[in-house]
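Visitor: Sequence:
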Amino acid sequence: MNAVTAISPQRRFGWLLRREFWEHRNGLLIAPLVTGLISLLLTAITLLAAIGLGRKANGNIQINGEQVSINGLDLATLTQQMNPSDQQQLAEMVNFSLLLGSFWPLLVMAMVVFFYCLGALYDDRRDRSILFWKSLPVSNLSTVLSKLVTALLVAPLLAIAASALTMVGYLLLMMGAVAWLGGDAIALVWQPASLFTLLATHLAWLPTYIFWALPCVGWLLLCSAFARRVPFLWAVVPPLLGGILLSATGLVRVLGIGHSDLWGYGVARLLLGTIPGIDQAYLALSRDNYQAAHLPSQALDAFSLPALWYGALFGIVCIALAIVLRRRSDDS
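If you're matching positions, the sequence shown starts at 1 in my numbering and goes up one per residue.
These are calculated hints, taken from the structure and not from any lab test.
Don't take each hint at face value.
To be verified - DEER-style ranges, computed between Cβ atoms:
1. Val-317 <-> Leu-245: 21 to 31 Å
2. Ala-49 <-> Leu-172: 10 to 20 Å
3. Gly-119 <-> Arg-327: 11 to 21 Å
4. Ala-49 <-> Gln-10: 52 to 62 Å
5. Ile-257 <-> Arg-126: 12 to 22 Å
6. Phe-103 <-> Arg-328: 35 to 45 Å
7. Ser-129 <-> Val-254: 14 to 24 Å
It should be emphasised that the depicted structure is a prediction, and the values quoted were computed from it without experimental measurement.
Heads up, the beta-carbon is just placed ideally off N, CA and C, and yes, glycines get one too.
Please put together the full structure from these sequences, using the hints given.
Guide: Below, the structure is given as structure tokens:
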């Protein structure tokens, strides 16, 4: 039996995923890590400048005409005088800082996934390597699905890992700054921080991201399989132009679609779906007084939105069409 044909489909698919990783490891892994490192360096420089400014002012900084002391004695006194309400506000501030700091690798991942999908099925036609890949015992279904899994699972997991490292770095920087000023870093930073809860929330958010980003990723893969040139224009211009024409001609009212639904659930879902956490904005619009608490239990709230399922169905249709186009395509 031929050694190639003896390889199981699961193993072939694993090799396809490895291929995608090694060909795009700079964007999938290095870019989020470097982004997190840069944000940590900028934060460290800012903290050092703030501490130096406080030292130069003998522990006092003037804000709005009032002297605010930041020396170690006052930090220690602050720790002792905090009531439960103050402790809750401190915890919210610390957790928001950690969440904000950890978002940069995820934001870079969104851009990487967007352009990765645009080139996923276009680049091998452009450089004629599609002839080589079609000569191998690898189906077009497996090829497209490997790129889909890379965009919706591999890239987010790597970004979450980079985000977790960045979050830990932010926590250590804040603890170091408080300790340098003579405060109790454990009481003022470590105890209020919900580090493990935030990390669990990032992982629990992954299923929501997969379904929410599916229409965007499916649309981009379809454009990548269809476009003969400049897939970016094919991906961006039709949704924007279609939205403008429907809005300007009043067809949205004829179709019974509101302008906000057209642009929010239509155009924005196609073009901004790879941005992590964007589903929270739709939840806030659909529910009165909705507030994200960044808890694992709330990570799946978006599954209650019909728009998530309609979009996922659209994404599946786009992926099926991309597979058909891939099967019929050559190097042209």
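Visitor: Hints first: check each against the structure and report whether it holds.
Guide: Comparing the hints with the structure gives:
At about 22 Å, the CB distance of Val-317 to Leu-245 agrees with the hint of 21 to 31 Å. Distance hint check: the CB atoms of Ala-49 and Leu-172 are about 18 Å apart, consistent with the given range 10 to 20 Å. Between Gly-119 and Arg-327 the beta carbons are some 19 Å apart, a value that agrees with the proposed interval 11 to 21 Å. Judged by the Cβ atoms, the range 52 to 62 Å given for Ala-49 and Gln-10 holds: they are separated by roughly 53 Å.
Range check, Ile-257 to Arg-126: about 37 Å between beta-carbon atoms, so the 12 to 22 Å window is missed. A hinted range of 35 to 45 Å holds for the C-beta pair Phe-103 and Arg-328, which are about 41 Å apart. Distance hint check for Ser-129 and Val-254: the Cβ-Cβ separation is about 46 Å, which falls outside the suggested range of 14 to 24 Å.
Of the numbered hints given earlier, the model fails hints 5 and 7; all others are met.
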